[in-house]
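Visitor: Going line by line, the protein sequences match chains X and W. Heads up, the first sequence is in the numbering used here, so the first residue is 1 and it goes up one at a time. Heads up, the second sequence is in the numbering used here, so the first residue is 1 and it goes up one at a time.
These are calculated hints, taken from the structure and not from any lab test. A quick note: this is a predicted structure, and the numbers were derived from the prediction, not measured. Where hints are given, some of them may not hold.
For each label pair, taking beta carbons as the anchor points, the in silico distance ranges come out as [as the list claims (entries may be wrong)]:
hint	chain 1	residue 1	chain 2	residue 2	range
1	X	R121	W	D143	22 to 28 Å
2	X	H35	W	L229	56 to 62 Å
3	W	S85	X	A143	54 to 60 Å
4	W	E148	X	H35	32 to 38 Å
5	W	E148	X	T75	41 to 47 Å
Glycine is no exception: its CB is placed at the ideal position from the N, C-alpha and C atoms.
Here is what each chain is made of, one letter per residue.
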Amino acid sequence: MNMEVLDRVVTPEPRISVIGASVKLQGVTKDFGDHRVLRGIDLTIEPGQFVAVVGRSGCGKSTLLRLVAGLDTPTQGSIAVDHQASGWRDMARLMFQESRLLPWQRVAANVAVGLTHAPNRQERREQAANALREVGLAGREHAWPSVLSGGQKQRVALARALVSHPRLLLLDEPLGALDALTRIEMQELIERVWQEKGFTAVVVTHDVSEAVALADRILMLDDGAVRLDVAVDLPRPRRRGDREAAAIEGRILQQLLQR
Amino acid sequence: MKRILPWLVPIAILSAWQVGSTLGVIQANVLPAPSAVAEAFWRVARSGELWTNIEVSAWRALVGFAIGGGIGFTLGMLNGLSSLSETLTDSTLQMVRNIPHLALIPLVILWFGIDEEAKIFLVALGVFFPIYVNTQHGVRSVDPHLLEMGRAYGMSRTALFLRVVLPGALPSIFVGLRYGLGIMWLTLIVAETISASSGIGFMAMNAREFMMVDVVVLSILVYAALGKLADSTARLLERTCLAWNPVYAKV
Numbered sequence: 001m002n003m004e005v006l007d008r009v010v011t012p013e014p015r016i017s018v019i020g021a022s023v024k025l026q027g028v029t030k031d032f033g034d035h036r037v038l039r040g041i042d043l044t045i046e047p048g049q050f051v052a053v054v055g056r057s058g059c060g061k062s063t064l065l066r067l068v069a070g071l072d073t074p075t076q077g078s079i080a081v082d083h084q085a086s087g088w089r090d091m092a093r094l095m096f097q098e099s100r101l102l103p104w105q106r107v108a109a110n111v112a113v114g115l116t117h118a119p120n121r122q123e124r125r126e127q128a129a130n131a132l133r134e135v136g137l138a139g140r141e142h143a144w145p146s147v148l149s150g151g152q153k154q155r156v157a158l159a160r161a162l163v164s165h166p167r168l169l170l171l172d173e174p175l176g177a178l179d180a181l182t183r184i185e186m187q188e189l190i191e192r193v194w195q196e197k198g199f200t201a202v203v204v205t206h207d208v209s210e211a212v213a214l215a216d217r218i219l220m221l222d223d224g225a226v227r228l229d230v231a232v233d234l235p236r237p238r239r240r241g242d243r244e245a246a247a248i249e250g251r252i253l254q255q256l257l258q259r
Numbered sequence: 001m002k003r004i005l006p007w008l009v010p011i012a013i014l015s016a017w018q019v020g021s022t023l024g025v026i027q028a029n030v031l032p033a034p035s036a037v038a039e040a041f042w043r044v045a046r047s048g049e050l051w052t053n054i055e056v057s058a059w060r061a062l063v064g065f066a067i068g069g070g071i072g073f074t075l076g077m078l079n080g081l082s083s084l085s086e087t088l089t090d091s092t093l094q095m096v097r098n099i100p101h102l103a104l105i106p107l108v109i110l111w112f113g114i115d116e117e118a119k120i121f122l123v124a125l126g127v128f129f130p131i132y133v134n135t136q137h138g139v140r141s142v143d144p145h146l147l148e149m150g151r152a153y154g155m156s157r158t159a160l161f162l163r164v165v166l167p168g169a170l171p172s173i174f175v176g177l178r179y180g181l182g183i184m185w186l187t188l189i190v191a192e193t194i195s196a197s198s199g200i201g202f203m204a205m206n207a208r209e210f211m212m213v214d215v216v217v218l219s220i221l222v223y224a225a226l227g228k229l230a231d232s233t234a235r236l237l238e239r240t241c242l243a244w245n246p247v248y249a250k251v
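Whenever a hint applies, use it, and build me the whole structure from the sequences.
Guide: Next comes the structure, spelled out in structure tokens:
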């Protein structure tokens with residue numbers, strides 16, 4: 001019997017999968033004072049798609065994500081998530097570059113922050129524990145955030161984002177502050193939960209190889225507009241250093257460097 | 001061994017003091033021997049005088065602290081959260097803050113006489129500012145990233161206040177609390193020494209009239225003990241409320 005099989009035979013858990021939300025942006029423009037950050041962006045994201053947005057710093061990629069998260073409103077144009085022009089906040093969840101855990105709450109309570117409509121305490125506790133198990137942190141419910149490593153904190157943040165079963169997951173450079181190995185583990189984790197649950201995912205990153213490793217589709221933003229829209233049609237799980245992946249990465253990097 | 005070490009110096013001083021008094025090096029009308037102070041303690045404790053005075057002083061301290069601290073906390077929160085409220089009141093408060101509150105004693109005696117109100121007013125005024133300043137600072141220094149996270153995760157305004165703002169401001173509020181407790185005793189000592197007909201300060205001044213130096217020294221020690229008690233309570237509260245913070249958890 002081989003070890004891999006043994007490892008997989010853990011207690012079967014009920015997996016809750018969702019139908020990913022579609023995202024549609026029409027002529028979205030955003031100004032901060034005199035500065036135009038986004039210039040008339042038209043974009044349609046299919047349900048369940050994994051989209052990566054890359055670009056130089058200051059190209060407007062984080063602003064785009066915050067608009068889709070409903071944290072900010074566009075100056076012009078419209079955004080619809082799942083064909084709804086407003087009130088989609090509950091189905092979308094945002095993960096930040098820093099974990100942004102509440103240091104004064106234990107891990108379980110931090111995860112429960114994601115549960116806005118939980119019926120009762122018992123339910124909250126169970127759902128938080130389930131979400132923690134999904135990110136590989138079972139049994140750490142009572143730890144304080146201050147004792148966790150950077151990678152573990154991001155796992156808790158991921159559990160907090162997933163606990164309400166969002167249909168749209170937005171990730172704002174979620175792995176930017178992690179070391180290379182932890183980063184690869186987190187990429188695999190994010191890919192795995194995305195495949196299991198079926199939500200739509202949008203990740204903003206400055207790391208092109210990360211985008212190629214994760215996304216179905218890569219958008220390159222430059223000066224507030226979509227400069228490049230590349231489909232990444234590679235089988236999953238993707239191997240690092242794959243020749244086709246390297247080719248796509250090279251193409252995008254070349255575009256990014258041209259300026 | 002480590003537990004005994006901090007006590008060595010105080011014990012040595014106390015012994016030297018006792019020996020000095022017994023040998024007559026330290027005169028009794030300058031500084032009575034520790035044994036004499038202990039005797040005085042026994043005397044006033046048995047007559048009940050000590051306890052009534054402690055009760056009166058503690059009551060003044062706590063009522064003044066509750067009033068001043070309550071107003072300071074509320075205004076600090078308000079001015080930390082709302083810039084309108086801050087623009088309206090902060091510069092006025094900062095101006096008033098620069099008046100040493102003990103300078104108001106003559107005025108306060110004119111207003112309230114030497115009744116309870118005078119002492120409570122002074123204590124409240126003294127306690128108000130450290131609590132106000134530190135609460136406001138605490139609210140201001142709450143991580144804006146956490147506030148944004150709370151909003152993105154659909155927290156209501158109440159939830160945002162209770163789960164993010166208040167706990168975030170708490171370490172700073174505790175600094176204000178401990179500082180305020182110090183000012184509370186200081187103010188009370190001055191106020192009771194100058195004008196009072198009861199309380200520890202009165203007990204000391206009264207004993208001075210009758211040249212009972214032992215009771216004077218005892219009163220000073222009682223003040224020290226009460227101050228230490230208040231500070232220890234605040235520290236205990238701090239350690240319980242801020243257990244999440246590694247800085248406080250180990251102290």
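Visitor: Which of the listed hints are broken here?
Guide: 3, 4, 5
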